[in-house]
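> Residue strings, one per chain:
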Amino acid sequence: MKNGLLALSAFLLASTAAYAADPGVSDTEIKIGDVNIMTGPASFIGRAVSVGSKIAAAEINEAGGVNGRKITIVTEDDGYVPARSFQALTKLIEVDEIFALNGTSGTANVLAMMPLIEENNLPTVVTTAPNELVYNPVRPSVFTVGASYSDAFYAQLKYIHENSEPANAVYGLIRQDDDFGGAVEAGYDRAVKEFGVKDGLRIRFKKGTANFAAEVAQMKQAGVNVLANGGIIAGAANILGEARKLSMDLQVASVWSEDMPPSVNLSAPAGYDYLVADYVALSGPAIDAFLEKAKKYASDEEIGAINRYTYVTYVGLKALAEAMGQCGQDLTRACTVEKLRGLKDFDTQGISAPLSFDNPEQLSGTAVAVYQLNAAEKTFKALTDFADY
Amino acid sequence: MRTGHFKERTAQLVALSDSKVVWSFAGLLLALVLAAPFLIGNYQVTLLVSAMIAIVGAVGLNMLTGTTGLISLGQAGFLAVGAYTNAILMMDHGWPVWLSMPAAGVVSALVSLLVGVPSLRLKGLYLAITTLAFAFIINHVILYAEWLTHGPNGIFVSGAKVMGVDLQRGKALYYLTFGITVLVVFAALNIQRSRVGRAWMAIRDHDIAARVMGVDLLRYKLYAFMVSSFIVGIAGALISLQIRFVNIDVFALILSIEALAIIILGGLGSIAGAILGAIFLSLLPEAIRLFFDVFADTNSSFYTTYVYEIRGITYGIVIIAFLRLKPEGLIGLWRDVRKYWSNWPLAY
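Quick mapping for you: the protein sequence lines, in order, are chains A and B. Read in order, the letters of the first sequence correspond to residues -12 to 376 in my numbering. Read in order, the letters of the second sequence correspond to residues 1443 to 1790 in my numbering.
Heads up, a few of these hints could be off.
[Stated by the list, open to error] Cβ pair distances, simulated, as ranges:
#: 1; chain 1: B; residue 1: G1601; chain 2: A; residue 2: D317; range: 32 to 38 Å
#: 2; chain 1: B; residue 1: A1468; chain 2: A; residue 2: N54; range: 29 to 35 Å
#: 3; chain 1: B; residue 1: V1736; chain 2: A; residue 2: K365; range: 38 to 44 Å
#: 4; chain 1: A; residue 1: D345; chain 2: B; residue 2: G1536; range: 47 to 53 Å
Note that these hints are calculated values from the structure, not bench results. Heads up, the beta-carbon is just placed ideally off N, CA and C, and yes, glycines get one too.
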């Protein structure tokens, strides 16, 4: 009788534990979701993100997983359309029953997913959209890897101001007419005010603009020789191409998307050795070691898709795994969120500055390093170490 | 005795259907759709909500393009107007959803006058380009009127409750969308067989002949713009309730193209066609995903690398093949099946 009661109690305890467990966790597996841009013109970002998750998961699994549980990545494509991001996350939550989210697409896409993330208390590491709108107001289960665009531009302009010291410096800004452009302008604004330099011209352009002839001609007329280039990928390249046509002598600060190989291939022909500030390393031993590791876990094609977004997502998943690991066997979303919130100086082996989410915004990787492109060789050299601005 | 589908009286001609079988099937279908949330999972419910919103939008566009023959590429703009109106009224002015939703339709209809009036003498490609320009203008207005629209930051939409029921979740959102879809479809069917609807069709078939018959072209074209935009505005409001976030990126130009694809694929001018087209194109990506998931294990590395592109290409191929082989759309296919069923074993 006594044994029967004990067995019944044990069974009830076990079943309570089973019911208490959150979706996406079994004895052997943890499902992590990834909503990304796998199709369309920006798909090279999504593919890079996907490779980062894959390498991190493979490495973690090979080392025994998270307390014995293997990580499985479930990727959904949103084609960079916010409505599809919402749909994709609904599918990941309802059908695939993911435990947490790592890859998170663009800013508007993350925002479209936010009600679902909050509703499910889904531990989420935002790896591709470090926009203020994502972390302000702070959502309890959302943790962002990345610096602000504002800091990135400020860091570059500071470097130019202190080191290049162009004669008769006239600063100019060209930026998109959206939230991202606003963040770029905030960094520019801070720099020109703090350094007391001449603010020659600020131009807004419509997202998707391809022809910048008039804008760059205006820049030339205003005598701009330090340019904060807020264009992205083809847009940034077109701006530099127009500047080259007008033989403008320019020091250029760029968005971190301009350190990706596809962007470099577009922009390098203009011949400007532009700067980029990034919160992940672009060269050096950490990246060499990562690429060596990638050969073990990824196909040649996937290795070809690697860019900065791969590094960001890799460190994002490692941080998430660290938090899940700290929860031990009783893995729940609430515990993971708690541990992520307490994460401090998590070592990324030099791929970025150490990650800490123990700040009011739950934003980590705020430190950026400034790099310079060698346009002839299409390589980047580090000009500064990671530093907070 | 019934002889094919010949009509003998005007009343038969304008009746929604003279067949008891059709009404029985429609009743059965309605009952099934009503019961669906209890039979399927939440994700499938979300898909059905998206499909129903697409139906509302497609029926709206169909009034303008299919019934009246005025090609519009401004659908994304009107959807945005509806969504933003609903979001602004709910979140910034505290309107209840049962007031903000119709207001979204009204504002969208009023805004349509801005594009309708200058476009009254245009048709075909000229009108298409004008409406496209309208979508661009709306885009700019939303971005720059930050005091009203919050600019690029977008607006989170929450708190759509009626008598304590949260209308933005699961079954409640499903039934709200379903109710609106049924209303819109019946309204559209009735408008089509009214004096206004017949005038629209006359304008579509031959506008000069319609004018000779006494149809006031300008007035009826404006009616078409307003009715269509009202319905599309309601669809926009529904999108804002479903996604719970509106931002200019949600209403990309591709939406206008997709809307046009829906009504062409479904069958221009037919409400049933718009419904079929909306369901088909909304659920096609999911069907393709399920199809490829079956083969995911056979050649996993190939699918890991290319599956998303393959899905996209398949989506395009299905649309091209359909339009090439069945240009009158899904409704044409349905009519063929019905004819075959009625006439069998004879061919005609």
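> Which numbered conditions among the earlier hints are violated in the structure presented, ordered from lowest to highest?
2, 4
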